[in-house]
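Enquirer: The chain contents come next:
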Amino acid sequence: AQSVSQHNHHVILSEAASLELGCNYSYGGTVNLFWYVQYPGQHLQLLLKYFSGDPLVKGIKGFEAEFIKSKFSFNLRKPSVQWSDTAEYFCAVKPSGGYNKLIFGAGTRLAVHP
Amino acid sequence: NAGVTQTPKFQVLKTGQSMTLQCAQDMNHEYMSWYRQDPGMGLRLIHYSVGAGITDQGEVPNGYNVSRSTTEDFPLRLLSAAPSQTSVYFCASGQGPFYEQYFGPGTRLTVT
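Residue numbers (my numbering), protein chains in the order written: chain A, 1 to 114; chain B, 1 to 112.
No lab work stands behind these hints, which were simulated from the structure alone.
Quick caveat, the model's predicted, so the values are computed rather than measured.
Just to be clear, a hint being listed does not mean it is correct.
[As the list claims (entries may be wrong)] EDC-like mimics (lysine to aspartate or glutamate), calculated; alpha carbons at most 16 Å apart, straight line: (1) A/Lys-101 x B/Asp-56; (2) A/Lys-49 x A/Glu-66; (3) A/Lys-61 x A/Glu-20; (4) A/Lys-61 x A/Glu-15; (5) A/Lys-61 x A/Asp-85; (6) A/Lys-49 x B/Glu-100; (7) A/Lys-49 x A/Glu-64; (8) A/Lys-101 x B/Glu-30; (9) A/Lys-101 x B/Asp-26; (10) A/Lys-69 x A/Glu-88; (11) A/Lys-58 x A/Glu-20; (12) A/Lys-69 x A/Asp-54; (13) A/Lys-101 x B/Glu-72.
Chain B with its partners taken away, still in its complex shape (with noise of 0.2 Å):
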């Protein structure tokens, strides 16, 4: 099993732009969330899914969609990226919120 995989690992982006990070676990999940990790705040929840077709807003979910079309992807689309998005973001999946969740490696992204 590879786990929970995120692309890209690293992405600068200009103000204004818009991307999609992409998460996909093969442990067959019904649990996945997106954090993003800042210096002092910890990880704070943006968006999460508990199955395919549901998902919710998180503590941060401003300037942010998600969408969940199967049980392995959950992909995070920055809509206009903004310099306060910089940060580092990490994708989580688990068979529930009170399960273990599993991370991926991160995505860390600087928006100029």
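Looking at chain A on its own, in the form it has when it is part of the complex (with noise of 0.2 Å):
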């Protein structure tokens, strides 16, 4: 069965702090990439997606993610966090084809002190 794993279930950064959360999924074809944030108190938004071309995928508020297909991962960075970062992160996964799935990461909950 497809599966997303996110290794860091907790992150705790102060402020200027580099980012990187690891995602990595267990499907073997063609992927949808996508990693969503949720705020405190906010509904799920999407901070970034990728579907083809460069791996290399800029999203809002100074993501990036990195898609590595020979290590089935898309990991998040931000090279600055900042204080209004503390969120919730999920990376998701929607196999290509006739799958119409899409399957979350248990999340990487960040906290960033100021």
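Grab the two chains, each in its own frame, and use the hints to assemble them into the complex.
Expert: Here is the structure:
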């Protein structure tokens, strides 16, 4: 079965530190990849997505993610975090083809201290 | 546009009771889905629909029913509530599963 692993469940950083959140998936075919963010008390919203082309994808608020097909990974990065980045981050994968399911990882809760 | 709306925001049920969580979207999206969010487990897909009259099961469908009689509405029915169904439920819609999903504000359900 398809699955998505986010290895870091909780991450605590100081402002201006660099961020990298891991995401690995277990589907061998072509995939569409997403990162969603849920700020405290708010809806989930799309941070960035990868469908094809350049494996380095830039999203909103200075976030980027790199798709490494050989490693089945789609890690999220930000060079310098801010207190306002405190949120829960979810990686999601949609296998291409006839699959209509969007599978989410368990999420990583990020706390940024001023 | 209101986007994706969900009612109620909060609900407390006793074990064995049934209820329907409502979800509506005004973006004419074909694809709608229901997730439950539990601590440490992220979002798990319950059921989804690719259009009116078409529904399918997700990862954790047991104990839940859905129907899709219109493009706008996608209600989730709990047939006989159990404490294991205590969770936050999110409805989402999109042009398709490979497009951005728009999430509703969620329903926090407690089953005692």
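Enquirer: Which of the listed hints are not met by the structure?
Expert: 9, 10, 13
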